[in-house]
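Chemist: Chain by chain, the residues run as shown.
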Amino acid sequence: MEAKLLKKQRPKHLNLFKISQPLPAIVSIMHRISGVLLFFPGIPLLLYGLQMLLESADSFEALHTLIQNPLVKGLILMFVWFGLHHLCAGIRYLALDLHYGIALAHARASSKWVLAVSVTLTLAVGITLW
Amino acid sequence: MVKQNGRIVTGAHYGLKDWLVQRVTAVLMTAYIILFAVVVWISSPLDQAKWVAIFGHQWMRIASFLFLVSLMWHAWVGVRNVLMDYIKPVSVRLALQILVIVSLLVYLVWAVEILWS
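Going down the list, the protein sequences come from chains A and B.
For the first sequence, counting from 1, position 84 maps to 84 in the numbering used here; every step adds exactly one.
Every position in the second sequence, counted from 1, becomes a number in the numbering used here once 1000 is added.
Keep in mind that the hints were calculated from the coordinates and are not lab data.
The structure presented is a predicted model; accordingly, all values stated were derived computationally and were not measured.
Some hints here could point you the wrong way.
[As the list claims (entries may be wrong)] Label-pair restraints from in silico Cβ distances:
1) B:1056 <-> A:49: 11 to 21 Å
2) B:1056 <-> A:32: 30 to 40 Å
3) A:17 <-> B:1053: 23 to 33 Å
4) A:45 <-> B:1062: 20 to 30 Å
5) A:23 <-> B:1030: 38 to 48 Å
6) B:1038 <-> A:13: 41 to 51 Å
7) B:1044 <-> A:13: 51 to 61 Å
8) B:1050 <-> A:66: 18 to 28 Å
9) B:1049 <-> A:17: 50 to 60 Å
10) A:96 <-> B:1086: 15 to 25 Å
11) A:44 <-> B:1060: 19 to 29 Å
12) A:22 <-> B:1087: 21 to 31 Å
13) B:1056 <-> A:17: 24 to 34 Å
14) A:22 <-> B:1084: 19 to 29 Å
[Claimed, not checked] One side of the interface only, derived from the structure: several residues of chain A facing chain B at Cβ under 7 Å:
15) 47
16) 51
17) 60
Backbone N, C-alpha and C define an ideal beta-carbon position, used for all residues, glycine too.
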């Protein structure tokens, strides 16, 4: 009887907007969203920047002027953050693959570290560049 | 006999390869990023001539190209996973997958043009 009741309740459909997500889940979805944004428009923007950097003295000057714009600066820093979050979360997954930090408490702590380290490194990059 | 039940043309190829590729390319890219940061730190290029000099070394061009190949391959596996999760009709998913592959190949050709011109 009890087993039958349990069976009837599955599959459960959770409303993702109503339940509160644990931190590892937030880091995970941010890894996915940052990955998609790094694919597009990240990759073409990276290549466009590299082209302006190397093509000629004129294009280099144009790039230099472009990144003086505060809006462009903010955009670059945002993509630096996407990249660093994706990198730090990825390193966490590699550790999990190797069975490091599997315990719930460790997994929660490491997801906190991912958020903290990527934000700190982003700020460091921002300060170094400007 | 291998069971083919439920397997579809735009599926994951059901193997270890893509899982492994995702991790190997990630490690290669991390190594390149560290190398690149060290090179930029040491030569601290402020004008265009110095940047051109950095990418003038053949080893730097090859390392950068390997980084970009890893990036495109990594992006393919990742974006395909995202498409498999959210796009259900096979025709739409296949069309989007082709679009992703073509754009990544175009990016690679563009990268070669930037690095070797």
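Chemist: Using the beta carbons of residue 44 (chain A) and residue 1060 (chain B), state whether their distance is inside 19 to 29 Å or not.
Modeler: holds (22 Å)
Chemist: Residue 96 (chain A) and residue 1086 (chain B), beta-carbon distance inside 15 to 25 Å?
Modeler: holds (24 Å)
Chemist: Could you check if residue 51 (chain A) really has its C-beta closer than 7 Å to a C-beta on chain B?
Modeler: holds (5 Å)
Chemist: For residue 1044 (chain B) and residue 13 (chain A), compare the CB-CB distance with the range 51 to 61 Å and indicate the outcome.
Modeler: holds (55 Å)
Chemist: Given a hint of 11 to 21 Å, does the C-beta separation of residue 1056 (chain B) and residue 49 (chain A) actually sit inside it?
Modeler: holds (18 Å)
Chemist: Starting from the hint 30 to 40 Å, judge whether the C-beta atoms of residue 1056 (chain B) and residue 32 (chain A) obey it.
Modeler: holds (38 Å)
Chemist: Quick check: does the Cβ-Cβ distance between residue 1050 (chain B) and residue 66 (chain A) fall within 18 to 28 Å?
Modeler: holds (19 Å)
Chemist: I want to verify a distance hint. Is the separation of the beta carbons of residue 1049 (chain B) and residue 17 (chain A) within 50 to 60 Å?
Modeler: holds (54 Å)
Chemist: Range first: 21 to 31 Å. Now tell me if the beta carbons of residue 22 (chain A) and residue 1087 (chain B) are that far apart.
Modeler: Given about 27 Å between the Cβ atoms, the range holds.
Chemist: Within 38 to 48 Å or not, the Cβ separation of residue 23 (chain A) and residue 1030 (chain B)?
Modeler: Because 23 Å falls outside the window, the suggested range is violated.
Chemist: Could you check if residue 60 (chain A) really has its C-beta closer than 7 Å to a C-beta on chain B?
Modeler: Where the cut-off is 7 Å and the nearest Cβ of chain B is about 4 Å from residue 60 (chain A), the hint holds.
Chemist: Do residue 1038 (chain B) and residue 13 (chain A) keep their Cβ atoms within the hinted range of 41 to 51 Å?
Modeler: holds (49 Å)
In this structure, the earlier hints numbered 3, 5, 13 are contradicted, and the remaining ones agree with it.
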